[in-house]
Structures are given as structure tokens and as C-alpha cells.
Amino acid sequence: MPDKLSDKRKIKCAKKMRDIMTTYYLDAMTAEQNNKQVAWITSGGPVEPLVAMDIIPVYPENHGAMIGASKMGEDLCTKAEDMGYSSDLCSYARTDISCSVVKGGPIGGLPKPDMLICCNNICGTVLKWYEVQARFYKVPLFILDTPICHTRYSPEIAKYVRAQIDEYIVFLEKITKRNFDYEKMAQVGKLAYKSQMLWQKVLNTTARNPSPMSAFDAFFFLALIVTLRGTQIAVDFYKDLLEEMEQRIKDGISMVPNEKYRLLWDNLPIWYRLKWLSNKFSDHNACLVADTYTSAWCSAIKYTDENNFLDSIAEAYTRIYLNIGVDQMADQVLEMIKFYDINGLVMHSNRSCKPYSFGQMDIMKIVREKTNIPVLMIEADMVDPRNFSQSQVETRIDAFMEIIKQRNS
Amino acid sequence: MKEIKIFHDATKDVSAFADKIKAKQKKIVGTLCSYAPEELIYAAGFHPMRLFSSKSDIILAEQHLQTYCCSLVRGVLEDSLSGRLDFLDGTVFPHTCDSIQRLSDIWRMKGRYEFFADVVLPVKLNTQSAKIYMVDVLTKFKKDLEIAAGREITDTDLRESIKKFNLIRKNLSKIYALQSQKPGIIKGADLYTIVKGSMVMDRDEVADLLPAIAANIEKMDTPEQNGKRIVVSGSICDSPDIYTAIEAAGGVIVGDDLCTGQRWFEGQILEDEEPLTAIATRYMDRIICPAKHSSATARGENMISLAKKNKADGVVFMLLKFCDPHAFDYPYLKEFLEKENIKTLLIEMDDQQQNLGQLSTRFETFIHYI
Ligand code: SF4
Ligand code: SF4
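Protein chains in written order, with the working numbering: chain V, 1 to 409; chain H, 1 to 370.
Note that these hints are calculated values from the structure, not bench results. All values reported here derive from a predicted model rather than from experimental measurement. You can take every hint at face value.
For lysine-lysine, the following BS3-like pairs were computed, each having C-alpha atoms within a straight-line distance of at most 30 Å: (1) V:159 with H:140; (2) V:71 with H:321; (3) V:103 with H:334; (4) V:177 with H:131; (5) H:131 with V:138; (6) H:24 with H:110.
Which bits of chain H does chain V cover? Going by a derived footprint, with three or more residues having C-beta under 8 Å, they are: (7) 62 to 75; (8) 135 to 143; (9) 320 to 331.
Even for Gly, the Cβ is constructed at its ideal location relative to N, Cα and C.
All chains, please: the whole structure from these sequences, using the hints.
Given below as C-alpha cells:
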């Protein structure tokens, strides 16, 4: 019986997604043979101009997530430490840096970049990390500097980032020795906009009670919006996924069999314990219906103008979730709690990611003051399992769920 | 030297010193980074004061920042929350690392002081658009200060301020150069105190005292003892004992790449240019901090030239635990230096806990080995 149930619950698009990602990585790995250039780009960086220029974008962070999920993080982190990198640095950076040297990881390392595109809207870590790679691969590095908007998006920032979008294009023209194709850019922009809208809609379906999917699924389905944003493939895929979700809602198929409690996750996933966590919560009839992480790829969509893409992305890329003040982040968390009808907030205090994790305690306090939902904070690391104590986390989750059950009884 | 003693007294008890400033009806604006435009704060009639952690136990800050945040950021927040910084009228946060970025948010949300400003300077310091943006940010900051001060900051105010800070910088450079020429002429702990004092004391007083100190040192003879020539590198080094320990181990400090050292004071502001542009130009050209970018190898090249210029026998990296920007640069700086046959030592520090005994042993081994 349970097997049949889980078959029914399985999301069919998952296989399609795996196939797409395999093709994508094959294309990237064979780029050189096919006379294509490869750009490494940060997860929050504007990929659309690369797509418009037919350059293959590769995301070391996505690769880091794969390393984490395939439990190869500890080994690669240790190797980076042997190279002199402190164990306190972001584990995406550590695994990527050592992977470049030892060609390890689940796919034997990423294809060599022809250029590096670093946008610091997510953190200062990427700046240092991409400098390391610029020295290692001896390739040009473009930095899109998106000043943090602590309280507002100022006219100074707007002007500065807009100017850099043009510099970015000049940089690409120089490296590819081709003129920038503004017409293609306009199309790519529209597709990027469409796929982000669709992704938002997919995430919104989990506002339904019971939820047709969980944040664990969102962590998985996120890969496409990150890597293939701006392509028809992403648009088609998310259309299908959305359809499937809507069908599930119609058919009353939920991800967690007896969903009673709805939780919100904050920060990056703990890649090497996804399954365990998912089962753990599901055993308590709890579903992580939403998270602050996967929505980051559509949270700034309100600033994007699909008909005036290049002008608007300066703002859209600068005002993403991590590049705003902690109080504004708290506002977004509160909105999500309301929208998704949340019973509890689970915060991953992630040793790897300082800009995401510092300020979390203040957000926790605000949530406690403004709602009456319990908040749990677990300390871990997204890729490096050495900072994860399963028994401790288990005890804390059990205690947390007890409180939720009492409050909702 | 009696002038140096004034610096010692001021840095020993910063809050007592702050009271003296307050007695002069001056408002105090705290700063947290060497990219804080002190010239502007001073020109507005405020007293710019660099904040350091008092290294007290972390109790209140535990409620805001996790243990994997650097001890400087946690320590300063602790000082603020526990009231030890109540002498402040305001604070300015230039954007540096991710930790300071979030400290700024937490600080602003706490709203303990009257004046608050984020000065989000560019991270890139090598493009024209970054420079334009930097001038824009400085212009906005000037306006914010004018509102807080209730008066206009004139070009004359700014030019005078720039002159004052240039004078301070020039004399600090001179003292460092003398120390490098005649190593040991000034004790490491004194050197540290002079720099720290120049960041917290009344700048008029500093500008009066430094030339006298430089002149006195210049007259002194080269000391006999010939220690190994050491350059220190890192973010901040807020412990005179470390300098003493290096000296006790047979070393002598001949230069540094510290946020509380040469990185802060090297480079003059052009006095005949438009003031805000001139301030921006200095930031663009100055020795770079690892949280900023000018090229992927700028710091490495700078470290080599610093070590060579000072004929360093070794470089000691003193990194604060959990400090990302510096930790990312360490492996390549070490590699660059070792290619030039310059030996390095890495010390990881934590403001709250320092094991001097262990440090001394490591210094001794290192100095013996070079
Ligand atoms: S996990 Fe955090 S620190 Fe690491 S690259 Fe991502 S945003 Fe930056
Ligand atoms: S020591 Fe490092 S982490 Fe701490 S505030 Fe300075 S640059 Fe940031």
C-alpha cells in the first residue's frame, strides 16, 4: 500500500527535469568540441545576456548543490582546507575551488570557463571566490556590482548598476568578438520573464491546503529557473509542471499524506539530508510548503519589464531577497507566513552563508512578535556535513512539532 | 616620550576619552571601517571615532549574531547593546563584508543613536562608473551629515578637513618609514597605540602631536638589537601584546597591511581638486582591502612590494576567525610571497580569547626558522 501511495504522489515532471539537466550538462561539458564558449556565473547573476549571445552558462552553486546532495561535500571541503582555505568559508566556494583542481565531484568537475560573471547581489563571498577562479583559470572576470539596498533602491544605485549592464555587454562583445544581438536579447528577456512568472505560479500552488508539492520538491525543480532561465525549454517545462500541480490539486493529491501542519523553511537547503528531513517532517504530518530560498528567483520580478528588459534588470537584479535590509526580509517572511497559511517557521542557521544567516535571529524575533507561530532554528551547513548533528536536530524537530501540535489542537 | 603617553592614555579608556570630547560640545560619530569618509564627518563638526570591540564576553549580542560571526562584529554589537557606547551620537557603516552588512541592519533596527548612515561604496574600484557612483554616494552622505549637523558643509570646511587628515596620514607614514629604516626605534606596542589613537582621538590634537613624535624619532639613533624584519597582514590587530610577543621572539615590525595600519593611512588626498572627487580618487587608488576589488591579483602584488620595500624576512598573517574576505585571500598571498622566498606564518585570532603563551611559541619558532 504505502508504495502505491508514493507512486501516486511522485511528481511526473521530475523525470523530464532530470533529462533536461543531463542534456544541459552534456552540452556544457562538450562546449569546446562544439565551438561554444562557457561562462561561469553566480546564481543571482543576469544570465539573459549570455543566453542571447549563445554562451553556455554554468553555475558553480548548482554544482555545489549536486556535490552536497551526492554527499561528496566533506571530501572536497577537506581538500580545499588542505589548500589553505579556512573551514569557515562558504562550502559552495570550498568545494568548487578544490573541485577545479582535483576534478572531483559527481560529474568530474565543471567545464573550464572562458569567462567569469560574478554578481555580488547574493554575497561578498562570490567576489572572492571568483577572484580565486580568475587566477586559477586565467580568464577574464566581469563583476556586476549591485550595492546592497539596506533601506532603499537609491537613484545613485540605479544609475551605477544600469551603467554596468552596458559594460557587461561590451565585455561580452569583446570576449566573443561578436556584436551583441539586441533583438535576440529582447526575446530572451521575454522568455526569462515568462519562466519566472510560471515558477512563481508553481510556488504559489502550495498555498493550497493540502499542498501538491513541498519545498523539498521546489529545491529540486529550482535548477531550471537558475540555469535555463531565458530559454523556451524552461518556459515549456514550468508550464508542464504548473499543469501537473493544478491537476494534483484537482485530484486532491498532496505531497505529505496526512498534511496537518504547514511549515516555512528559511535559508538554503541542507543538501545531504533532504530525504531525511523530508521524512522526518512528513512523519509528523507536516509539510514544508514554502521557503525563502527558491522564491528568490522570482521575488524581484515586479521590477522587471519584459518589454524593456535591459533597462529594468538593473533594478530587478539589485533588489533580490538577500540584497535588502533584514527588516525588509522579515516583511517578506511575514507575507509568506500569511500567504501560505503557515503553522511554524524552520530556520536553517547556515554556517556557510553569512548574509543569509546573520539577521535571522532578528527575523525570528519579529516573527514571534507579529504572529503566534513557533520558530525553530537548526544549525547546519548546506554542503559540509561536519556541522550537522542528526540526533540533536532530530530532538529539536520533535520538540518543535510537539509545540505546533499543542497550539493547533 | 610624553606625546606617546597621551596616545596610550586615550586608547586605554576610550569612554573616558569620549567624555572629554563631549565636554567640548562635540558630537561623536562611530565608524567601523577604513573606508568611512572621516574627512566628511570631521568637516560637519562631528568627531569621527573608529570603534573597536572592548573584548567583553558576548552575552547580549548572542541574541542577534551566531557564533560563526567574527569577534569584531559580535564584540562591537555587544558593546553597543550593553550601553558601553552610549557616548555615541551616531554611527556610519561603509559597506565592507557580509558581516558588517548585516551588523548595519541590526544596528539600524536597534536605533540606539540619533544619527545613522549607510555609506554603500562600490565594491569595484577599477571603473569609471564605480568612481561616479562613489562620488554620488559621498555627495549623499554629505547631505545626510548636513541635515544632522543643521548646517552646510562648505568647500572650505572640506578642504581644511582634508588638509588635516592628510597631515595625520603623512606623519603616520613618516613614522612607519622611520621604523622601517631604523627597525626597533619605536616599540611595536607604541606604533600600534599611535595608529589606534589617531583613529579615536581628537584629530586636532593628533595633528599637533604626530609631527612632534616623528621629529623626535628622527633624531634618535638606530637601536643596536637586530631583530628579524616582520610585516603583519590582516584585518585589524587590536592587541598591543601581539606586537610585544613578536618582539620578544626576536622580531621587529617594519610594516603592515592592516585595516588598522598602513591600509588606512597610506595615500594622500589631492588638495587642489574638487573635494569629494579627490576623496573618491584616494579610495580608488589606495591599497585595497580584500572586501573590495581592483584586480584578481592586486593584493598579491601589493603584498610583495610591501614586503620587498621593507626588506621583510617574514610576513605574519593575523586573521580574525570567521573573517571571509581575508581567509579567501590568504592561500594566494602566501603562494605569491613564497614564490619570492618570503616566509609566512598564519595566526588565527579571536578578539575574545587570545592564548598569548601559545602565540609566543609560534612566533619564536617562526622567527627562529626564518
Ligand atoms: S551560500 Fe551564501 S555565501 Fe555561499 S555563495 Fe551562496 S549566497 Fe554566497
Ligand atoms: S574582520 Fe573580516 S569579517 Fe570581521 S568585520 Fe572585518 S572584514 Fe568583516
